[in-house]
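Using the sequences provided together with the hints, build the complete structure.
Take 1 as the starting number for the sequence shown in the working numbering and just add one per residue.
In case anyone wonders, no lab produced these hints; they're calculated from the structure.
No residue lacks a Cβ here, since even glycine has one placed at the ideal position from N, Cα and C.
Any given hint might turn out to be false.
Computed spacing ranges between beta-carbons, pair by pair [to be verified]:
| no. | residue 1 | residue 2 | range |
| --- | --- | --- | --- |
| 1 | Arg77 | Val97 | 32 to 42 Å |
| 2 | Asp195 | Val224 | 35 to 45 Å |
| 3 | Val92 | Glu71 | 40 to 50 Å |
| 4 | Pro5 | Pro96 | 15 to 25 Å |
| 5 | Leu82 | Lys125 | 39 to 49 Å |
| 6 | Pro165 | Lys135 | 39 to 49 Å |
| 7 | Thr218 | Val92 | 17 to 27 Å |
| 8 | Ser146 | Ala219 | 46 to 56 Å |
| 9 | Val92 | Arg142 | 37 to 47 Å |
| 10 | Lys68 | Cys89 | 36 to 46 Å |
| 11 | Glu150 | Ser109 | 19 to 29 Å |
Distance condition first, Cα-Cα at most 27 Å in a straight line; then the derived DSS-like pairs of lysine-lysine [as the list claims (entries may be wrong)]:
| no. | residue 1 | residue 2 |
| --- | --- | --- |
| 12 | Lys151 | Lys27 |
| 13 | Lys128 | Lys215 |
| 14 | Lys125 | Lys215 |
| 15 | Lys151 | Lys121 |
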Amino acid sequence: MSSRPLTVIGTPFSTFTRTITLALHYKGLPFNQVHAVPHSDIAYEHHPFGFVPTLVIHEIEGKVVDLKLRESMAIARYLDRLAPQPSLCASVGDAPVLQIEEQMWEFASFVAAHGFPAVEKDVVKPRKALTDEGKLSDAEIRQEISGGVEKLRRFLSVVESTMAPDGYVFGEKLSWADFFLYPLLADLNATPEKDLFSVRLRTWMDLMGNLDAVKATTAGTLSVGARP
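Here's what the structure looks like:
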């Protein structure tokens, strides 16, 4: 393992960045964080399309490389190799709802590709912008985002249908599935649309909220009223 801490490029407000910092805290990997928002000069310096997060790997086997690793899925796979324990990979033996281990990555991909638009683009961000503007009542805001809320309902229904009946996403074993989903639903939990949570999702949120990694990554997020 490198003698130099890793560097995360990305604001704590970013849900994808929080997925990675959750894992870094959980695995006990030291890191520094540069609070860059998407499409900022710093973001473009580290990612060709200006997205966050980027993980800067300063050393590999004692050699200085300052490698920029982009995209959350790729970073997750690297962190698993760098620090296999504690594991964030759910296996068939750990989770009876899984038939093959790749279903964990399928879930994470669902969240990244479909959950982010359903939660953030269609509901949370419009709700935040309209609330901050202060011109519309809550009832009027609900009407403005009603189309997005319907898409959100479907996403939450699909998510719950793939989860174990209790515990983490796949049961007793905490996994990447939880760390990809939690930042999105933590943002949603800071809005009135949190009333869309089922009992199962609310129980899961409470379970996740007890994790030290979650507590360590709360500052700077929408859940505590932060803005980018």
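*What are the numbers of the hints that this structure violates, sorted from low to high?*
1, 2, 3, 4, 5, 7, 8, 10, 12
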